[in-house]
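K.L.:
Spelled out, the chains give:
Number of protein chains: 2
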Amino acid sequence: MGSVALRAIVLIAMTTPFVGCQTFSRPGPVAQAPRVDAARGMASADGKTTWYDALDIGVEGRGWSEGLKHSYDRFPAEAEGKIPDPVWNLSHHSAGINVRFMTDSPSVSVRWSLREDRIAMPHMPATGVSGVDLYVKHEGRWGWIGTGFPEKKEGNEAVLASGLPAGMHEYRMYFPLYNGTEKLEIGIAQGSTITTNPGYGARYEKPMLFWGSSILHGACASRPGMAYPSIIGRRMERPVINLGFSGNGRMDPPIVELISRLDVSVYVIDCCPNMDPALITERTEPLVKTLRAARPDTPIVLVENVPYEKGWFLDASKDSYVKKNEALHAAYTRLRNGGVRRLYYIPCDEFFGDDHDATVDGVHPNDIGFLRMADAIEPSLRRVLSRK
Amino acid sequence: MGSVALRAIVLIAMTTPFVGCQTFSRPGPVAQAPRVDAARGMASADGKTTWYDALDIGVEGRGWSEGLKHSYDRFPAEAEGKIPDPVWNLSHHSAGINVRFMTDSPSVSVRWSLREDRIAMPHMPATGVSGVDLYVKHEGRWGWIGTGFPEKKEGNEAVLASGLPAGMHEYRMYFPLYNGTEKLEIGIAQGSTITTNPGYGARYEKPMLFWGSSILHGACASRPGMAYPSIIGRRMERPVINLGFSGNGRMDPPIVELISRLDVSVYVIDCCPNMDPALITERTEPLVKTLRAARPDTPIVLVENVPYEKGWFLDASKDSYVKKNEALHAAYTRLRNGGVRRLYYIPCDEFFGDDHDATVDGVHPNDIGFLRMADAIEPSLRRVLSRK
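Quick mapping for you: the protein sequence lines, in order, are chains F and R.
Last residue of the first sequence? That's 388 in this note's numbering, and every number before it is there in order.
Last residue of the second sequence? That's 388 in this note's numbering, and every number before it is there in order.
Derived from the structure by calculation, the hints contain no laboratory data.
It cannot be assumed that every hint is accurate.
Treat identical chains as interchangeable: a pair holds within one or across any two.
Derived DMTMM-like pairs (lysine to aspartate or glutamate); straight-line CA-CA distance at most 25 Å [stated by the list, open to error]: (1) 153 to 116; (2) 318 to 104; (3) 152 to 116; (4) 48 to 315; (5) 48 to 139.
Source: prediction; values computed, not measured.
Based on the provided sequences and hints, a complete structural model is requested.
P.N.:
What follows is the structure, encoded as structure tokens:
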């Protein structure tokens, strides 16, 4: 309990490590990993595809890999009843969870089942809410290569990419953001090889933990890879834990206690959109002090509320986020003045640009907004993580 | 028939023009317009809101305002049976249609009914498919201010903005992209003033006509204002006609004949995504020659196929758009060598950037892709339209 496990919870038979695959010049995964035991694969009826459960490959993005009520919950079973019920329920959504592997298959397919019937939201398409997203790494950089369109709760299936170049390539497949994932399997061509998660090497193994609101949760990305923590994770080549809870990222003390158990590289706190100034004032200092007491050296980053897009024209809209950010900054200043080390603050000025087109509804970023948030936040996180 | 009317087809009673409203430094609408006759308004049950039909205000974005089977069709009734049935059916979608007005109301509401039950697509949210989008002009620039979320086919209603600053402001409301609009009404506070469409002044009155595929049609914008012709129209402060037809923008000769009747400022032909190289070779020259014969001085712009996002990694994907663009460029070269004047060509290189994250599915832009397409195409159109 409480360990940050990036590997599968299912103990898999290890075979000879695959060798001879490409290497990367940037800090990144060791591009070698044990093959998944072929005996774990299940042949399709026509024999052309072999399916592997993501749990046999090694999922990323979970804070807990043991003590779970469901393999793709974002909180352990013990959290139920301790944390607010809405957060517990939203923790069933697989935001940020992904599976990484290498394969020489000429095609990559997916089949997956969801936990809720509601596969889309009015302002977020089914591809983002309940779809899957495939990236491939090439010359040290991740690039999109396929989207799985969900059609129903159970039994979705899609060929995400075919005609792939020969040789081993490294892939990352993102799970649905705003639905639970009941089960997810990766399909490769019969006879191809698939490896377990190649990891990051010792220096980069600790994940970055993000905690926040619907925005962090991924609303309203067009597909799962576009949530801003996912973009940052790809760019920085570090694992990410997404603890976004729509309407419910409120710095609740029981959740602070839970995440304080995780040995992460950084805590990124992006809860303001779900809090009013008084609650921000009340909870920011206890949150930081609890995390600092449990993790004396782990950086803590406070993120300002996004600048609501109506704020450029409506004073009330601007006031609402400015007042929250004043409360957050005041708490930050008190903490810094009180001697709290390794505490950082990211202002919102650059989050949405200046064309007022970065959201779908004034609050929730579209893909433009998420890209700009990643652009604004990534450099700060790089600086934070480069300091010792 | 065949005239490009930007005003309502309903003859409205003109009252004293509103005076004293703001002026703009950039080329733009004459910020004066006749008030809509208050007798056209319908009071809400509680008396707080007065509703005006968009047709009484003056819609933009239609090539034809007379001879229509439905007020918000994009082709006249006579087209039925002459043009391919799928195009006729898709012409019921209100892509690009919008209504422009000035009001001093402290709030702007909308109620609208749709023509199809299907209010979303798997890769495009209901807000883009069937929603409405409100922009307001401030200091010479359009900025987003409200999105209407659709819930059902009939009887959607939303307050798009409230607490608006005092004084007259100019608004533009975009209709649903991928659904038909049965009826759309604008709601203002009881006692407020609303004007008819203020127009553009004589120099800018002719619309830019875009003809193309699902991409032009607006897939997959998060909301209607993000389709790339809409972005360009706002920036250039010119009216736009969107003739995007999902899967069916194929340079069909009967449609060439129809659009040749329209006195537009430019024809932008963006049909390649729905054509193979052979069809591009077959139809591009007749299209240009027909338009040039009918409109000796109107610029014609040929737009390359978007660079499919899988093309960075999959040769077959890259080949498919490169071959189309080779066919288009060859036709363009033959036409230029044949002496066709005012014919222009926009290459696709800058359409999607280089991060491979500009689409939802490799073909259809997300909002990032649409913004980049607008960035790439707008400067070319400005140059084209500045030449005499």
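K.L.:
Would you mind marking each hint as holding or not holding in the structure?
P.N.:
Hint-by-hint comparison with the structure:
| no. | hint | result |
| --- | --- | --- |
| 1 | 153 to 116 | both (6 Å within a copy, 24 Å between copies) |
| 2 | 318 to 104 | between (51 Å within a copy, 21 Å between copies) |
| 3 | 152 to 116 | both (9 Å within a copy, 21 Å between copies) |
| 4 | 48 to 315 | between (60 Å within a copy, 23 Å between copies) |
| 5 | 48 to 139 | neither (30 Å within a copy, 61 Å between copies) |
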